[in-house]
Amino acid sequence: MSIVDRPSSTSPAITPTNQGVRKQRDANEHKFLSFCLGTETYGVEILKVREIIGLLAITPLPQTPPYVRGVMNLRGRIIPVIDLRLRFALPAVEATKETCVIVLESTDSEGEQTVMGAVVDSVREVQDIPPSAIEPPPEFGCEIPLGYIQGMGKVKDKVILLLEIAEVVGSRERQQIAQAAAAAASSRAAA
Amino acid sequence: MLSDARDLPGLVALQDLLQIIMREAELRHVPTAASCSADAVELVEQIVLQQVADVELAFSRLTEAISRLDESTTEDGKCAVAPGEYTDARSSVDRDLIAAWVSSCETTLPELEHLAVGCEDVAHAGDALPDLKRRIHTFKGECGVLSLDRAQRLCHDTETYIEEELECGRFPVDAVLSLADWLRSLMAALAHDPCAAEPDDAFARTALHGDGEPSARVEAAEVQSVVVNETTDGDDLIVLNFDAADDNLSDFVGEAKEHLANAENAVLQLEKSSADPEHVNVIFRAFHTIKGVAGFMNLVPVVRCAHAAECLLDRVRSGRRALDTTVLDLVLVSSDVLGQLIAGITGGPLPTRRAVEGLIARLEAASENVEVAKSSASEPTVSASVAKNDASALMPATEDALHPIPAATDPSARVTAMRRGDQTVKVSTMRLDSLVNEVGELVIAQLMVMQDPAISAVVDQRLQRNLSHLGKIVRDLQETSMSLRMVTLKATFQKMARLVRDVAHKAGKKVQLVVEGEDVELDRNVVEEIGDPLVHMIRNACDHGIECAADRRAVGKDETGTLTLRAFHSGGSIVIEVVDDGRGLNRERILKKCVERGLLDVSRNPADIPDAEVWNYVFLPGFSTAEKVTDISGRGVGMDVVRRNIEALRGNVEISSMPGEGSVFSMRLPLTMAIIDGMVVRVGTQRYVIPTLSIERSFRPVENDLTIVFGRGELVRVGEQHLAIHRLNRVFGVQEGVDDLFEGLLLVLESGKRRACVFVDEILGQQQVVIKTLGAREALRGVSGGAILGDGRVALIVDVGGLLEEAASRGHDRAERNGMQVHGKSSQGAQS
Chain A
262 MSIVDRPSST SPAITPTNQG VRKQRDANEH KFLSFCLGTE TYGVEILKVR EIIGLLAITP
322 LPQTPPYVRG VMNLRGRIIP VIDLRLRFAL PAVEATKETC VIVLESTDSE GEQTVMGAVV
382 DSVREVQDIP PSAIEPPPEF GCEIPLGYIQ GMGKVKDKVI LLLEIAEVVG SRERQQIAQA
442 AAAAASSRAA A
Chain B
16 MLSDARDLPG LVALQDLLQI IMREAELRHV PTAASCSADA VELVEQIVLQ QVADVELAFS
76 RLTEAISRLD ESTTEDGKCA VAPGEYTDAR SSVDRDLIAA WVSSCETTLP ELEHLAVGCE
136 DVAHAGDALP DLKRRIHTFK GECGVLSLDR AQRLCHDTET YIEEELECGR FPVDAVLSLA
196 DWLRSLMAAL AHDPCAAEPD DAFARTALHG DGEPSARVEA AEVQSVVVNE TTDGDDLIVL
256 NFDAADDNLS DFVGEAKEHL ANAENAVLQL EKSSADPEHV NVIFRAFHTI KGVAGFMNLV
316 PVVRCAHAAE CLLDRVRSGR RALDTTVLDL VLVSSDVLGQ LIAGITGGPL PTRRAVEGLI
376 ARLEAASENV EVAKSSASEP TVSASVAKND ASALMPATED ALHPIPAATD PSARVTAMRR
436 GDQTVKVSTM RLDSLVNEVG ELVIAQLMVM QDPAISAVVD QRLQRNLSHL GKIVRDLQET
496 SMSLRMVTLK ATFQKMARLV RDVAHKAGKK VQLVVEGEDV ELDRNVVEEI GDPLVHMIRN
556 ACDHGIECAA DRRAVGKDET GTLTLRAFHS GGSIVIEVVD DGRGLNRERI LKKCVERGLL
616 DVSRNPADIP DAEVWNYVFL PGFSTAEKVT DISGRGVGMD VVRRNIEALR GNVEISSMPG
676 EGSVFSMRLP LTMAIIDGMV VRVGTQRYVI PTLSIERSFR PVENDLTIVF GRGELVRVGE
736 QHLAIHRLNR VFGVQEGVDD LFEGLLLVLE SGKRRACVFV DEILGQQQVV IKTLGAREAL
796 RGVSGGAILG DGRVALIVDV GGLLEEAASR GHDRAERNGM QVHGKSSQGA QS
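Protein sequence lines, in the order shown, are assigned to chains A and B. Take our numbering: the final residue in the first sequence is number 452, and no numbers are missing along the way. Take our numbering: the final residue in the second sequence is number 847, and no numbers are missing along the way.
The shape of chain A in the complex, shown without the other chains (with noise of 0.2 angstroms):
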């Protein structure tokens, strides 16, 4: 129904365009986003960043962990909103005026499409980080699930946390949140 499902094959002229696009993805490869939470810096894949969005009205949902602010109206889409403070147990804080909602898009590992929002404390830049220039996530020698992190990125002496979004409200994240949903369901048809 959208505009894009128009056969590309018979109009030449779009041909270019598809490899200028192809290009583009090439170049936005080793491309990430960094942003700031308290004092660290934390990047994604650019390829994944829809749009960034100043702080709309958040509505909020039951029963879901503090890290879930709510719902917000995303263009007549209704998309959900992490606080990722809340999500690395920062401490939360008032909102500024560089406070701002990173809309992230990410495919699981069942093929399905996720649109969701990510409150940050500020967006800093666009960089390039080569494959070359990031390290696996490190190994603290115990059970902590570090599946979010998709490595460590170095930029000028720094190093920036590359974050992989599908895993931040990750598969097993969600199972859990299932599972106890499922839980708390069986105990109440029990009671």
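FYI, nobody ran anything at the bench for these hints, they're computed from the structure. Incorrect hints may appear among the rest.
[As the list claims (entries may be wrong)] Here are the in silico distance ranges between beta carbons for each label pair:
hint: 1; chain 1: B; residue 1: GLY807; chain 2: A; residue 2: ILE307; range: 22 to 30 angstroms
hint: 2; chain 1: B; residue 1: PHE757; chain 2: A; residue 2: ILE314; range: 52 to 60 angstroms
hint: 3; chain 1: B; residue 1: ASP547; chain 2: A; residue 2: ILE313; range: 43 to 51 angstroms
hint: 4; chain 1: A; residue 1: ILE314; chain 2: B; residue 2: THR361; range: 38 to 46 angstroms
hint: 5; chain 1: A; residue 1: ILE313; chain 2: B; residue 2: ALA472; range: 29 to 37 angstroms
hint: 6; chain 1: B; residue 1: THR444; chain 2: A; residue 2: ILE313; range: 31 to 39 angstroms
hint: 7; chain 1: A; residue 1: PRO397; chain 2: B; residue 2: ALA472; range: 56 to 64 angstroms
hint: 8; chain 1: B; residue 1: GLY699; chain 2: A; residue 2: GLY299; range: 26 to 34 angstroms
hint: 9; chain 1: A; residue 1: PRO397; chain 2: B; residue 2: SER585; range: 53 to 61 angstroms
hint: 10; chain 1: B; residue 1: GLU453; chain 2: A; residue 2: THR300; range: 44 to 52 angstroms
hint: 11; chain 1: B; residue 1: GLU494; chain 2: A; residue 2: THR300; range: 54 to 62 angstroms
[Claimed, not checked] A short, non-exhaustive set of chain A residues, derived as facing chain B with CB atoms under 10 angstroms:
hint: 12; residue: LEU317
hint: 13; residue: MET333
hint: 14; residue: ILE339
hint: 15; residue: ILE340
[To be verified] Covered stretches of chain A, going by a simulated chain B footprint (3 or more residues, C-beta under 8 angstroms):
hint: 16; stretch: 321–331
hint: 17; stretch: 375–389
A virtual CB, placed ideally from N, CA and C, is assigned to each residue, including glycine.
Starting from the known structure of chain A, arrange chain B on it as the hints suggest.
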């Protein structure tokens, strides 16, 4: 043969058949047959257009014309001029026509089955019997139009058989049902590929025993040569002698299919552009290769077909034959027949000998006689346009698919519908859904404009008038778009009639199905989804619920069990109930099973467990109390499916059961999945939408009516009943909102059997909202979705059933944990 001038589909089908005969007759130089059929076509046309004064006379003349036609053709039967040629005709029949027919059959077939079941009791069949006969006749005609000759013949034989049986005072339900089954398999094949071969009808024919056909069964023993029965001489199937063990065979099948696909592609290219010799070469090479390899494999019919086609193409290639539509059509037909022959190697249905011989004859004729080919060259196009005109004969059935009630039962309605063939349009569901979505957006946008402070500040009568006019149009548009998606439950319920009959027969029980409220309309998506759950519930009811005749007699019940399928509106939803008057659920056995599986808390006294909870266990996956697994049920899968599907639709299932008296399974479903009428309420700064239909009333509480029960929270007297008060802010964990019960409002909400009061700050107004998913994967209890309000902010839509359940369970937990504290708090709230 024909006596009913109102049987328009039959007439139109007849007219079509005659036209095909006429064409064939001309093609084969049978002038008498051609003129006879031309006369007959004209007569039928006059009858159809009601241009004849004396219908009786017209019919007698028609009968005469047809009998003359019969004599003039050497073939047997009025429509058997050349069944083999029908395969050719099929490729010229518009594919859309077949698609339209297939989709119409999705409704007409269940109706046929429904009628058949209704006719089982011949004495009380009433109008159903003639209706049924008419429908089979219509099917026959339609199959004829679409050149589905095997289907046509099967319909015909079934008709004959029904007549024979009726003379003995019986009605052959099984024969009709197996016909319906066979047609359904045909539908499936055609839906997949309009040119698909008709499936083997041997099984369907076994139901027609006594029709005196010696070849009514497939001899399964014959592996090497596949032979399938047919009715008339020359219609026997081609015999392919092949060595099934030959390794090369499967290679050949795969390659040949590829070659044929290439050839067909080339034909289509040729049709589009001017004759490019390279395309002709491609086709030629394809047939030549097939011929070569098939010769090696000793597949004689394949070789002959391919050879004939190759000869024709060779003439075209050398310029001795013009490349016209006849050639292209013939090439396509050859490709189809070859495809069928090759498919036969791998076990598919084989074409009839007549089809193959007819094709070869035509190919030869076309390559030898240029004149003939040229004169007939224009024919296919004519017939194609005829077929298109007659598309109207099939279109009303499409309308049935959208509104199955009126047109299907009333023949006169069918006639008028047919006259104006453009009354319905087939629209892809994707477009429909996107229309509904866009209208939803429009409603939101319109509300945003209306509620914009800048707009409401303007004091201008004209603007206000225009705005309200706009509002009205948008509302109308929304209603219309919603109604596009609504369909009745009739088709679904009719399918169940068939199921009940089959299951009851299999289980050896007598079950009578009573259907109520089949005209209730539901969102198409919902209707599609409830089919499966209904099947499981009905199977269960028939297999477990209703006792066998002897047991029923023993307890003094009527031998015939009654199964009621009922649909009705209740609150904001539709309830569908499956009611049986059987033995009811066995509480002891369920509990025993629960203990076996360790589902029960050992400390609990089984006698104290409420019925509702016991019944809930049957929904658990793998839970079955059946001693043995039958092919109907007993694996414990069905009820799990039921619950899952219904919950996916935001509905719920409840069971109530009385031992010895039967059980009721009721599914509660939302009316639509897209838009609801909602009451917008405020709690602090948050707004929620509560479905209007779930709100019974709202009121401000009076002190005298409030009761605080120790450890159980607050109650309020509403009429004669005391209802629990749930504070929305507490249930949803919102730290705001009015705390004093006298400052806010109480809403009496109802969902299923639950009824309770919910406390909110105030009601802001009523409006229609578009339900949107929240984007979160996990369902939240008490919230069914989100709605975007006029100011662009999101309000949560309250799922009343879930909310009341959630609130009740919380109240329970809380009361158990710290009843004292809650009591203190709430009494404070009430008194301050």
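task = Just pull the numbers of the violated hints for me, sorted ascending.
result = 2 and 4
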